[in-house]
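*Asks:* Read off the chains here:
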Amino acid sequence: MKTATLTMARSINEGLRRAMEEDPKVLIMGEDVGKLGGVFRVTDGLQKDFGEDRVIDTPLAESGIIGTAIGMAIRGYRPVCEIQFDGFVFPAANQIITQLAKMPMRSLGALRLPVVVRVPCGGGIGAVEHHSESPESYFTHTAGLRVMACANPLDAYTMIQQAIRLDDPVIFFEPKRRYWEKAEIDLGMDLREAWPVDRAKVVREGTDVTVLAYGPMVKTVLDAAAAAEGEGRSLEVVDLRSLNPLDTETVFRSVRKTGRCVVAHEAPTYSGFGAELAARITEHCFYSLEAPVLRACGFSTPYPPSRLEEHYLPDLDRVLDAVDRSFGW
Amino acid sequence: MSVKTHRQAVQGLLPALTPVRFVTEDGSPVKESADYAEPSAELLREAYRRMVLGRRFDTQATMLTKQGRLAVYPSSRGQEACQIAGVLALREDDWLFPTYRDSTALVTRGVDPVEVLTLLRGDWHCGYDPAATRTAPQCTPLATQLPHASGLAHALRSRGGDAVVMAFVGDGGTSEGDFHEALNFAAVFKAPVVFFVQNNKYAISVPLARQTAAPALAYKGVGYGVRSEQVDGNDLVAVLSVLTAAVEHARTGHGPFLVEAHTYRMDPHTNADDAGRYRDDAEVERWQGADPLARLETYLRGRDLLTDEDVASAREAAEAFAADLRTRMNLDPELDPLELFDHVYAEPTPQLREQRQMLAAELQAEKG
Ligand SMILES: Cc1ncc(C[n+]2csc(CCOP(=O)(O)OP(=O)(O)O)c2C)c(N)n1
Ligand SMILES: [Mg+2]
Numbered sequence: 001m002k003t004a005t006l007t008m009a010r011s012i013n014e015g016l017r018r019a020m021e022e023d024p025k026v027l028i029m030g031e032d033v034g035k036l037g038g039v040f041r042v043t044d045g046l047q048k049d050f051g052e053d054r055v056i057d058t059p060l061a062e063s064g065i066i067g068t069a070i071g072m073a074i075r076g077y078r079p080v081c082e083i084q085f086d087g088f089v090f091p092a093a094n095q096i097i098t099q100l101a102k103m104p105m106r107s108l109g110a111l112r113l114p115v116v117v118r119v120p121c122g123g124g125i126g127a128v129e130h131h132s133e134s135p136e137s138y139f140t141h142t143a144g145l146r147v148m149a150c151a152n153p154l155d156a157y158t159m160i161q162q163a164i165r166l167d168d169p170v171i172f173f174e175p176k177r178r179y180w181e182k183a184e185i186d187l188g189m190d191l192r193e194a195w196p197v198d199r200a201k202v203v204r205e206g207t208d209v210t211v212l213a214y215g216p217m218v219k220t221v222l223d224a225a226a227a228a229e230g231e232g233r234s235l236e237v238v239d240l241r242s243l244n245p246l247d248t249e250t251v252f253r254s255v256r257k258t259g260r261c262v263v264a265h266e267a268p269t270y271s272g273f274g275a276e277l278a279a280r281i282t283e284h285c286f287y288s289l290e291a292p293v294l295r296a297c298g299f300s301t302p303y304p305p306s307r308l309e310e311h312y313l314p315d316l317d318r319v320l321d322a323v324d325r326s327f328g329w
Numbered sequence: 001m002s003v004k005t006h007r008q009a010v011q012g013l014l015p016a017l018t019p020v021r022f023v024t025e026d027g028s029p030v031k032e033s034a035d036y037a038e039p040s041a042e043l044l045r046e047a048y049r050r051m052v053l054g055r056r057f058d059t060q061a062t063m064l065t066k067q068g069r070l071a072v073y074p075s076s077r078g079q080e081a082c083q084i085a086g087v088l089a090l091r092e093d094d095w096l097f098p099t100y101r102d103s104t105a106l107v108t109r110g111v112d113p114v115e116v117l118t119l120l121r122g123d124w125h126c127g128y129d130p131a132a133t134r135t136a137p138q139c140t141p142l143a144t145q146l147p148h149a150s151g152l153a154h155a156l157r158s159r160g161g162d163a164v165v166m167a168f169v170g171d172g173g174t175s176e177g178d179f180h181e182a183l184n185f186a187a188v189f190k191a192p193v194v195f196f197v198q199n200n201k202y203a204i205s206v207p208l209a210r211q212t213a214a215p216a217l218a219y220k221g222v223g224y225g226v227r228s229e230q231v232d233g234n235d236l237v238a239v240l241s242v243l244t245a246a247v248e249h250a251r252t253g254h255g256p257f258l259v260e261a262h263t264y265r266m267d268p269h270t271n272a273d274d275a276g277r278y279r280d281d282a283e284v285e286r287w288q289g290a291d292p293l294a295r296l297e298t299y300l301r302g303r304d305l306l307t308d309e310d311v312a313s314a315r316e317a318a319e320a321f322a323a324d325l326r327t328r329m330n331l332d333p334e335l336d337p338l339e340l341f342d343h344v345y346a347e348p349t350p351q352l353r354e355q356r357q358m359l360a361a362e363l364q365a366e367k368g
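Residue numbers (the working numbering), protein chains in the order written: chain A, 1 to 329; chain B, 1 to 368.
Just so you know, the hints here were simulated from the structure itself, not pulled from any lab data.
Even glycine gets a Cβ: it sits at the ideal position worked out from N, Cα and C.
Listed next, the in silico DSS-like pairs over lysine-lysine satisfying Cα-Cα at most 30 Å (straight line):
#: 1; chain 1: A; residue 1: 2; chain 2: A; residue 2: 201
#: 2; chain 1: A; residue 1: 219; chain 2: B; residue 2: 367
#: 3; chain 1: A; residue 1: 35; chain 2: B; residue 2: 201
#: 4; chain 1: A; residue 1: 25; chain 2: A; residue 2: 102
The following residues of chain B were derived to be distant from chain A, with all beta-carbon distances above 10 Å:
#: 5; residue: 1
#: 6; residue: 92
#: 7; residue: 112
#: 8; residue: 151
#: 9; residue: 251
#: 10; residue: 266
Use the sequences and the hints to build the structure in full.
*Replies:* This is how it looks when you write it as structure tokens:
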């Protein structure tokens, strides 16, 4: 056992390092990923150890990064692309949506594109505009992409490695306000023993209401569950981890048990991922539900910068309020 | 096209082989005469005052960030020749498209500094009225402002006026697709827009060599049929003379113009950046010797255009400006979170009104 107490940012770094050690075709591309180690230092030290050919500081162009990664993937590489901030993934949207997501199918599977696009996501770090977005729904809406979000250092460490090994393109969301949270990680762990990459995880068992979350909101919801316990309410918290594909088995099992469900995400409520969850749960668990699936999410306004974000972000109170409404139904 | 006219066409677009310069680093005039007219003595004296003020504004903003008054501040210290000349070359009815780096240019344009810093302070809007000031909101997604500049310039011309557009972008921003599309559109439309690249040698940590293999960014205009030039970006006299010519070129119906200014960002990318990871102090020190403000001062003094009293009074005005900014930035403005919903649509949608009510209830609960 080679355990260490690591932040989430460091866990991803170690996951990348291990993936690069194990497979010489894994390489990193992005803006400022080399000497600087990325603005969040997720790639810190990797260029020094693996060289400029495997940790590539690209010209400043997101469309170019993804497009070039596609080209390299065709020749057998497994590029891990870093998008510097969520708000800057949009220049790459064309390459991701029309090419990365579709080329495998258009080539009858002859071309597989094992490209991972890492996107630091979400708010809560006091940033200015365009640095706190939650764009996951644009990508879950796009056939051909796997979409996942890690919520804690251990998952970050294992999921990034699992994502790199997948033959599908992956949009990998990293909740930036959790980058500095720490946990003990066994760096030598056998990846085959890790939680399967497309399975959700019940991270707190409960009996009264299921709360579904992913990425940055998992911790918020766990805090809410702890607070609710004091009031005699038992929340079951499910960390979805993978948004596409979705582990409906775990979700449905939980909802059928509790009979109530609240979905929490930072992204705007309107047309957010919560809508997909609510529809599916209603379809499959209708007779188990005591109340409609409710959402505790962000507002459908542009994400406000630092001075107002506390009002935008769904916090413990907004989650508990939704739980209350579920019980008041 | 014959070979000869073809060659002439290309040559007509090409930038000078070395950056245009009027004043050397030690403040003495350059010997050989340039292709551009030197700005008037009065304009240079005005530029000096603006530069002193701009520098003071910038250091004050950096200080306010250290005190937690701004969420972030991208300083343009060392780039003042560009910041000031880029604005002084314009008429009031011309338009400016600035980036996050260009707060000093906005102050030079006459926008209230507290308004300029509104966004960086963490508010949800750009702080000033773009229509009234003819200054677009400071732009963060790199190069996205440039096609707007081409479009607005085209519209200004279509409506029959002779106003022009000045669009700022960094060296890193020239790698984005929008930069190229904007140049091409402007050229095809013959739109009166000046693209002004402040090449400060870095895009955060990434040096120019990782950004382009071109001999200079100025050459990027040539392929699009855009008249291009490069200039010493720390020589106010040169930047102002070239930009004035570029604006004139655009204003008189000759289409877009690309100017690359070679300059240097003295401070880290923002206060949150650790520049020691990618550049050494010796390099920064070398550029200290090319300081645009000291250079202009020496030059103007050498030509007897600047007295001790002028310098003192410029500094005094700058101090007063900074003191006023400090006082006003130290007040905590009351922000109403419900305003978030007001301007998303011309009229709030039913779904937004619903969410607004929800937030209002949350705020009420917090109070009660
Ligand atoms: C589309 C986009 N991608 C990435 C970023 C993040 N980012 C902000 S500034 C910057 C470097 C820009 O460098 P440059 O264009 O040279 O301007 P400078 O900051 O040097 O003035 C980067 C990568 C961004 N703002 N927009
Ligand atoms: Mg730059």
